[in-house]
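J.: Quick note, the sequences are listed as chains A and B, same order. Once you know that position 313 of the first sequence is 352 in the numbering used here, the rest is easy, because the numbers rise by one and skip nothing. Once you know that position 69 of the second sequence is 70 in the numbering used here, the rest is easy, because the numbers rise by one and skip nothing.
Take these hints with a grain of salt, some might be off.
Unchecked claim - Lysine-lysine pairs mimicking DSS-like chemistry, simulated, CA-CA at most 30 angstroms apart:
id: 1; chain 1: A; residue 1: 606; chain 2: A; residue 2: 561
id: 2; chain 1: A; residue 1: 153; chain 2: B; residue 2: 286
id: 3; chain 1: B; residue 1: 15; chain 2: A; residue 2: 504
Claimed, not checked - Residues from chain B that keep clear of chain A, each with C-beta distances beyond 12 angstroms, as calculated:
id: 4; residue: 11
id: 5; residue: 39
id: 6; residue: 43
id: 7; residue: 75
id: 8; residue: 137
id: 9; residue: 170
id: 10; residue: 198
id: 11; residue: 210
id: 12; residue: 304
id: 13; residue: 317
id: 14; residue: 326
id: 15; residue: 327
id: 16; residue: 345
id: 17; residue: 355
If you are wondering where the hints come from, they were derived from the structure by calculation, not from laboratory data. For each residue, glycine too, the CB sits at the ideal point set by N, CA and C.
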Amino acid sequence: MPRRNDIESILIIGAGPIVISQACEFDYSGSQACKVLRQEGYRIILVNSNPATIMTDPEMADRTYIEPVNPATVAQIIEKERPDAVLPTLGGQTGLNTAMKLYETGVLEKFGVKMLGADYDVIKKAEDRQSFKEAMLKIGLDVPRSIIAHSMDEAETLTRDMGYPVIVRPSFTLGGTGGGIARDENEFREIVSRGLQNSMTTEVLIEESILGWKEYELELMRDEKDNVVIVCSIENIDPMGIHTGDSITVAPQQTLSDKEYQRMRTAGIEVMREIGVRTGGSNVQFAVDPATGRMVVIEMNPRVSRSSALASKATGFPIAKIAAKLAVGYTLDEIPNDITRTTPACFEPALDYCVVKVPRFTFEKFKLADDTLGISMKSVGETMAIGRTFKEALQKGLRSLETGKSGFEGIRAAKDMDAGELEQFISRPNHERLYFVKEALLSGYTTEKISDLSGIDPWFIEEMKGLVEIERKLSRELEPGRFKYLDPDQHAVDMIREAKRAGFSDKQLSGMAGLAEEEFRKIRKKAGVVPVYKLVDTCASEFESYTPYFYSSYDDENETQRSDKKKIMILGGGPNRIGQGIEFDYCCCHAAFALKDMGFETIMVNSNPETVSTDYDTSDKLYFEPLTFEDVMNIVDSEKPDGVIVQFGGQTPLNLANRLQEAGVPIIGTSIESISLAEDREKFKDLITGIGLKQPANDTAFSVEQALSKAGAIGYPVVVRPSYVLGGRAMKIVYDPDSLEEFMAEAAEVSPGHPVLIDKFLQNAIEVDVDALADGKDVIVAGIMEHIEEAGIHSGDSACVLPPHTIPDGVLEEIKRQTVQLALSLEIRGLMNVQFAVKGSDIYLLEANPRASRTIPFVSKTIGIPLAKEAARVMAGASIEQLGLPQDTSRGIKYTSVKESVLPFSRFSGVDILLGPEMMSTGEVMGISRKFGAAFAKAQDGGGNKLPSGGMVFISVQDSDKRNIVFIAKKIRDMGFRVSATAGTAKILKNNDMEVEVLKKLDEGSPNILDAIKAGEVALVINTASGKKPHTDGALIRSSAVTRGIPCITTIAGAQASVNGIESLMSGKDEVISIQEYYGTISA
Amino acid sequence: MKARVILEDGRVFKGILFGDVSKKTSAGEVVFNTSMSGYQEILTDPSYKGQIVTMTYPHIGNYGINHEDNESGKVCLEGFIVRELCSLPSNYRAKMTLDEYFKEQGILGITGVDTRALTRHIRLSGSMKGIIVSHEAEVVSGDDARGIPGLTGKDTVKLVTSRKIYNWNEKGDLHVVVIDCGVKHSILRALAVRGLKVTVVPADTNVGEIRNLKPDGVLVSNGPGDPEGVPYARDTVRDLLGTIPVFGICLGHQIIGLALGAETYKLKFGHHGGNHPVKDIRTGKVMITSQNHCFCVNHDTLSDASVEITHKNLNDGTVEGMESPELRFFSVQFHPEAGPGPFDADHLFDKFRDTIAGNAKP
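If we strip away everything but chain B, and leave its shape as in the complex, we get:
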């Protein structure tokens, strides 16, 4: 079925619908991801809530969908734009095609799009809202796209956080509480595999409830949207800082930044991909990292003297990591859990485990 992607500035891209075509339209903020593999992880990553993702690599769906690589229980993004959808996947783990998965999940996709043109447009004009629309639907214009709610200032976390407290891994001498702003399963797996007991709590869980769980450390997870949309999480983190080892990832890192009194800002088109070089300022070594964020901590507004900027992005110099031994936390903007992307920063989970084990000072 013929379809279009319409951006808020009126630019139109043509393609063919796939997935749950009964939906006819789907709307969200359009971003691009440059990962060449890992679409299953991207689809199920709660951080993409509210977004339509364009994959820059043309062939998508090649290895199908399997039962192991999900980052959450369902597809979280709003729509998916690809150049060439694969109809017959080939991989020993493949259980279904991407199209079948979308039909099952009620998700709309569009294929045959000049995704490079779309990506260039976003790079030049900044990420913007857009609508995938079937040619059977009523005519939609850029104005309609402009009318959809964006991410800035909104609480998108509440759409993806867990409703209740649950155990991910019950065995373990050390106990980590994960504040779930939309946590990826890879993070939970990375903790469990290190022998940590893992309890996941909703993002709005207050400090008292968290303390009642008697954690040895707290992880503030990744999640979608604007950190300023979740002041409650910021307040919780502010109370925790300095009292217990805290590890922040992505949105969690931004929330820590806000808790420290710093400001965050929106990047022109964000970082979404698996090839971003991040330098560890203290060792001079570079890691290739997985990234997925539109917002960023403003370096100039970080006034807490005990906080050190530990990592920076080599492409654009943005803040990628902070640490304060006094406040007993460290945080990174990128994704050490990969999923998808390289495992170069996997050792940060070791560092977190060692920190809460008291083997190393934060």
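Isolated chain A (complex conformation):
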């Protein structure tokens, strides 16, 4: 069937900010959809609040709305743009839920908007647990026994004979928020009540436990003519009971016989038909009882999901792109397979390699959080590895995580454990479980025993045991003597080859051989043990393929060929984590686009399957590889690039920069010397003193004693941090010597061997972020952002406003001047980010980072200039003069953008939500409007903390804030809110003639503030706390507000901005304006 001609314009709903369970994969899918549908000639209207996406680049759609993704705002956009259709299945759960609400409220019908891909009833049938279960039983498929409850009473009555454990899943939530496994009555009551609260429909499903069963997923595609193909099968190493996003998974499935697999395949197709997803991708999950083979259907996602992104990268089959084409009427047999060109997309990929996906966690950031994995997702990112065998892929996957492991390693924590404890760490699912499995294998546990403890299929354990056996043999025989005169004997060479084929890294092997990694590498190369590169081609090489998408393997035949074009290699950022996410992938993609335009061959290296950068048509060549020195150098050896870019992928490639340069790799852009200079406290201090810039008093310490004496000299409070880390890892404000000692212990763990940096903490200063572009001669100050929270909160977590709204022009001019001076002194070629603190008219330089910053996409989207692209051009040799950019990037811009961070606290119950110098946020949103208040309100709304326009505001502030809160409280009262406070704050307010309800503190009995929050009586919490010690009362108040979705403001500056925002909300609806329209208003 050809393209539909009854529609001309299509609304695509994006997924909003990066949160746990909804990450870059929806930028990948949305970008593909935009690209494809525009090529088909449709007018594309896009809404997404996340500026760090490729999809919100102005050229991706005809109209791009960087607005909150919620029903009210999207309704406004529909009313304004009148699209003929909406495509709801590519924007994750957020996009789907928004479209569902728009249907329910009649907006779609009113404006005659058709739903493409899946319509309302279909989505309802798939998402509603009861109707899904009924549908499955109707077509004769097995499901776990389950009941649906809408209240605690109902839940208890209906599960009386089910026993424990049971699984509780709330309906209509993201990534299973609020679900859990209840092992006894107490847990049952707690999880059910949380689930009911989190569900959009106050509904939970409680089901029979199939914990420990094998878990599988199928990725399916269906077209208008009812052709269905299975793109990929995925087997979870972690058994049922752990969210698939938190599971280590493998593609294709490994342990089902063909009969069992085909039964699952047929069932998957029947599910898709019965639910009725008309066109596009879906994902169906199954569980299989390992003892009997009984197969049950778990759930279905009637949309493109995280697993679809993984399946696309694992197979080379571009699910989102094809889904978009199917949505507008094409059938699978009409769409060519990009990779083979001659065969159609109507087929099932055949893999001739093994893919392992490993989730990336950041529990180190949330010390108090429980790291037990369950059915609510906790990981913040993932990495994928491809190898010819599982062993190879697993080891590559583990070293791609960048958690300090260079493969399947053991864990120090296990060394002092007795058997009981060790077994605990194997049976309790946790993010380091595999390392404990390794310890168990080392101490002689059998495959069977480990499998019994963990529920992990014996096949996987046996593979891991194979790795341990190789390692044993190597440790026995790889004594340094074998490498005399760098000329190992044949037996040693054979052993190295065997180990490399099993995925061992040079780092692991050199350790065993007692050599330095670089030395070992030389020997290995000399012995001819080098990787080959194989193609991901969807067809196991049955057909010729044209897309250069490679992975390494220690096999015989090499398939990559070096061209004689000028080539630039871009190193990506690896798995998403807090502090390093989609912003950096955005920059890497832009570099690839710009350099391709300039005629270079672009080579991307990355290991993150969620991203646009790992799409096979983003760059000329894609190497899906770990970002380690070894893996990168192997590609460099093969490709011999003319330039390598390390400044766009975040800290990951920067950490490799020195070693790469020493190995002779041509790194382009700002020199490594300049980058090191900016990191080196002493040299940097000399440099800026030399050019007359001011820093807060600071020093560097290598030992605890040094730190104590130097901090004493500077004067508390001080900001302390380890060097060479990103996202403010372990950074703290310390107020006394005791906390400093505590910090020093942690720093030694986080960044061993590097000194600790100590800075005077400037209380109540305004922090400013500046992004600039320089070529060594000219400097463009692209954006100056004023932080809303005061200095001391990590810039990644702080809201900021562009252009600044309280800093006087004179100060701004001086900031510009200092930035230019700094960029020239550091000889920046490319991007630089500088952070200043402004206290009155004093400007202090906090730090300079000669690399792409997290704010590059935000600034680019605001000023309408793609900074990362321009920077890539400069790095490749263009001058700023040649780029033809306006000297003044603010050139008559009459609107304001606010960036707000999105925090994952609701996932980690018990963690205090207080912001500090260590970054905690997973993503960001942008609000843009003609006025600051409205932009701020939009940013809050987009971030999921919609400011209230009525109800009760609870205020409790620390003493030093009490004077400042009075004016804010009055404002709030004047806008019609009721004001409540704890006794101390209430006293101040009463003294200033305000009526205040006094709420009890927690130790003052009931009903207290927590009861009020739980009862839903509080609309907004303003709660500041002194930074000295986490104040338990405040922590409880804040975290219980956050878990209930009540906006919680923790700084005076934030409260002030919120008042502006609420004012704007109350003055009426703000209009929705696309960025193309905003850019049209720029005068110069």
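Given chain A's structure and the hints, the job is docking chain B onto it.
T.: This is chain B only, laid out in the frame that chain A set:
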């Protein structure tokens, strides 16, 4: 034990022997199969007689060998090439490892081979003869590989067909006679499960003997090698066409083609796998099919006006199905019985049952 695969053009691939290593060598036509699961069915599929099969999926043996999934009583292929043999299978039905099975069956396998390189070589150069050889054996060269008999023009069916007539399923109102050119058990199971009485006859059974069995329909089965090697089966089918409902699968389909006067030809490297898209030309719908054939009916030589091409392969446009209401037959090049592979075309057995029941006209 170190070993090599030597192809007739002299290309060598290195690996390690497994299975019945006492054999030292094994020879055949080397083909590749892209199925990611289903090795047990492939090993026991009589259609692989005379061939050495390379599995493109690297991990083979993961779920062991069970008692239920065989396609015949024994391993039929000549040798097996894999990238990574599994030594400890995991599946609730597994009864033994692949290595143990090969030892029991006297079959030679080789593991550790860069199977992707080998597959690419065959894709580029076409399927060719080859030898798996232990490094203990006397040196073998590409010339030795060239010397082994190939499949073209040979009767390979006689090596795998049943020696005598036997009943597969005795109960059933309707009776199907299966001409066994190397029939897969999945086909027999697919008939039996539909309540059909099934009698299997050797490939050289003549028309008279078949008619004596009073069948309501005849199925011409799959089998190994070149259809031109079995003129006797072609003649039998020619006599049957038009007199009784006939269903042809794979080699059976090719034999029907020859019986219709068409020609067959050898594909460069054949179709062996479980992901081949086949379009039903009449409905426009696509099925993902299981395939295993090196030869193919030449569309241009089909002159019988009553015969309609019903299916075609979306990858290369080759003929995948024919039908003639007048001649009361339909046939497909792919495997509706799966084993291994998807069940998308399972309904063709319903169609056959309905046809012979007179519920639908062929």
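J.: Hint by hint, where does the structure go against what was stated? Just the numbers, ascending.
T.: 5, 6, 13 and 16
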